[in-house]
Amino acid sequence: QPVVPSPWRRRGVLALATLLPWVVLIAFWELAIARGWVQASLLPPPSSFLRYAIESNLRVGFGNDAMSIPMAILFSVYRVLAGMALGFVAALATGILISMSRVCSAAVLPIVRGLAPIAPIAWIPLGIMLLGIGNATAIFIVFVGVYFLLTLSTVAAVHSVDPRMIKTARTYGASERQVWRWVIFPAVLPQVFTMLRINFFAAWMAVLAAEMVGLKNGVGMMVILGREMFNGNLIMLGICIVGVVGYAVDSLLLFVQRRVLWWQAAR
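Per the working numbering, the very first residue in the sequence shown carries number 179; after that it's consecutive.
Calculated directly from the structure, the hints in this document are not laboratory data.
Cβ coordinates follow ideal geometry from the N, Cα and C atoms, glycine included.
A couple of the hints might just be wrong.
Cross-link-like lysine to any residue pairs, in silico, SDA-like; alpha carbons within 20 Å at most [as the list claims (entries may be wrong)]: (1) K394 to G239; (2) K345 to L330; (3) K394 to L308; (4) K345 to W358; (5) K394 to F408; (6) K394 to S279; (7) K345 to S279; (8) K394 to A314; (9) K394 to M307; (10) K345 to R189; (11) K345 to R375; (12) K394 to I306; (13) K394 to I299; (14) K394 to I417; (15) K345 to A334; (16) K394 to S246; (17) K394 to I376.
Pair ranges (Cβ atoms, derived) [as the list claims (entries may be wrong)]: (18) L309 to D428: 24 to 32 Å; (19) R229 to A297: 24 to 32 Å; (20) A300 to A205: 51 to 59 Å; (21) I376 to G312: 38 to 46 Å; (22) K345 to A300: 41 to 49 Å; (23) A284 to P248: 25 to 33 Å.
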């Protein structure tokens with residue numbers, strides 16, 4: 179009888195497979211600096227910028243303008259999650275309205291399709307002129323980065339629902355509202371949620387760009403501050419924080435997707 183590995187063993191193997199490439203990369207990075215293959219001033223190793231963060235008491239900047247690194251991370255995460263939540267709700271509602279009404283489709287869909295190709299970064303000057311330099315602008319940039327593409331994805335998802343499922347529900351006496359609630363909406367959510375996770379990376383880059391052009395806190399501001407100070411450690415620290423936080427938020431979205439959409443496998 180074949181031996182079936184325990185769930186804990188499988189999880190251990192998966193965790194090892196996930197961590198090992200990072201360990202190899204960091205080890206090679208440190209080795210390249212130690213051997214002099216790459217100058218430490220150009221590409222500071224993790225041991226260098228992590229030591230810099232600890233020695234600076236997790237604060238960067240000067241005097242009253244100094245900011246806490248954990249607070250900078252929280253500001254950036256708050257902005258991107260707030261913008262994504264608003265964009266998700268608005269896009270879902272707009273996409274469903276477009277799918278339900280031909281008049282709404284004729285009036286709204288061309289506008290959405292026309293604005294969708296515009297990169298979120300291109301909205302930054304308009305956001306600053308309308309809302310000033312602050313959280314509202316950063317949230318607005320994330321919102322427009324998510325809203326238009328997610329609206330188009332919602333419309334496409336509604337149109338891709340199997341007509342036989344809708345016909346079967348109506349045959350059993352389901353009203354139009356019940357068809358939308360129990361057939362179309364559950365069928366649409368997995369695709370829309372997957373698109374939301376994909377759009378997150380664009381939204382994350384957009385909020386960092388917004389922070390780089392004037393906000394006084396946030397991870398994006400850390401990178402710009404490092405450039406102005408010619409501080410390679412701060413630049414690399416900011417870049418690594420961007421990657422780690424982005425991965426963590428995407429993992430959080432995947433966790434939520436698996437719990438909310440329990441009937442649909444998510445990866």
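For the pair supplied as a hint, K394 and G239, confirm whether the alpha-carbon distance does not exceed 20 Å.
Distance of about 10 Å is within 20 Å: holds.
Looking only at beta-carbon atoms, does the pair A284, P248 fall within the given range of 25 to 33 Å?
For P248 against A284, whose Cβ atoms are near 49 Å apart, the range 25 to 33 Å is violated.
Between K394 and A314, does the CA-CA distance stay at or below 20 Å?
13 Å, holds
Starting from K394, check that the Cα of F408 is at most 20 Å away, please.
18 Å, holds
Hinted pair K394 and I306, Cα distance within 20 Å
The hint holds at about 14 Å.
Would you check the hint for K345 and A334, treating anything up to 20 Å between C-alpha atoms as holding?
19 Å, holds
Hinted pair, alpha-carbon criterion (20 Å max): K394, M307. Please report holds or violated.
17 Å, holds
Mind checking the alpha carbons of K394 and S246 for me, to see if they're no more than 20 Å apart?
Roughly 11 Å between the alpha carbons, so the hint for K394 and S246 holds.
Straight-line Cα separation of K345 and L330 no greater than 20 Å?
Given that 20 Å is the threshold and the Cα spacing comes to 24 Å, the pair is violated.
If you check the beta carbons of I376 and G312, does the distance land in 38 to 46 Å?
28 Å, violated
Are K345 and S279 close enough, with their CA atoms no more than 20 Å apart?
19 Å, holds
Going straight from one Cα to the other, do K345 and R375 come out at no more than 20 Å?
The given pair, whose Cα atoms are some 31 Å apart, is violated under the 20 Å limit.
In the structure shown, a violation is registered for the earlier hints numbered 2, 6, 10, 11, 17, 19, 20, 21, 23, in ascending order.
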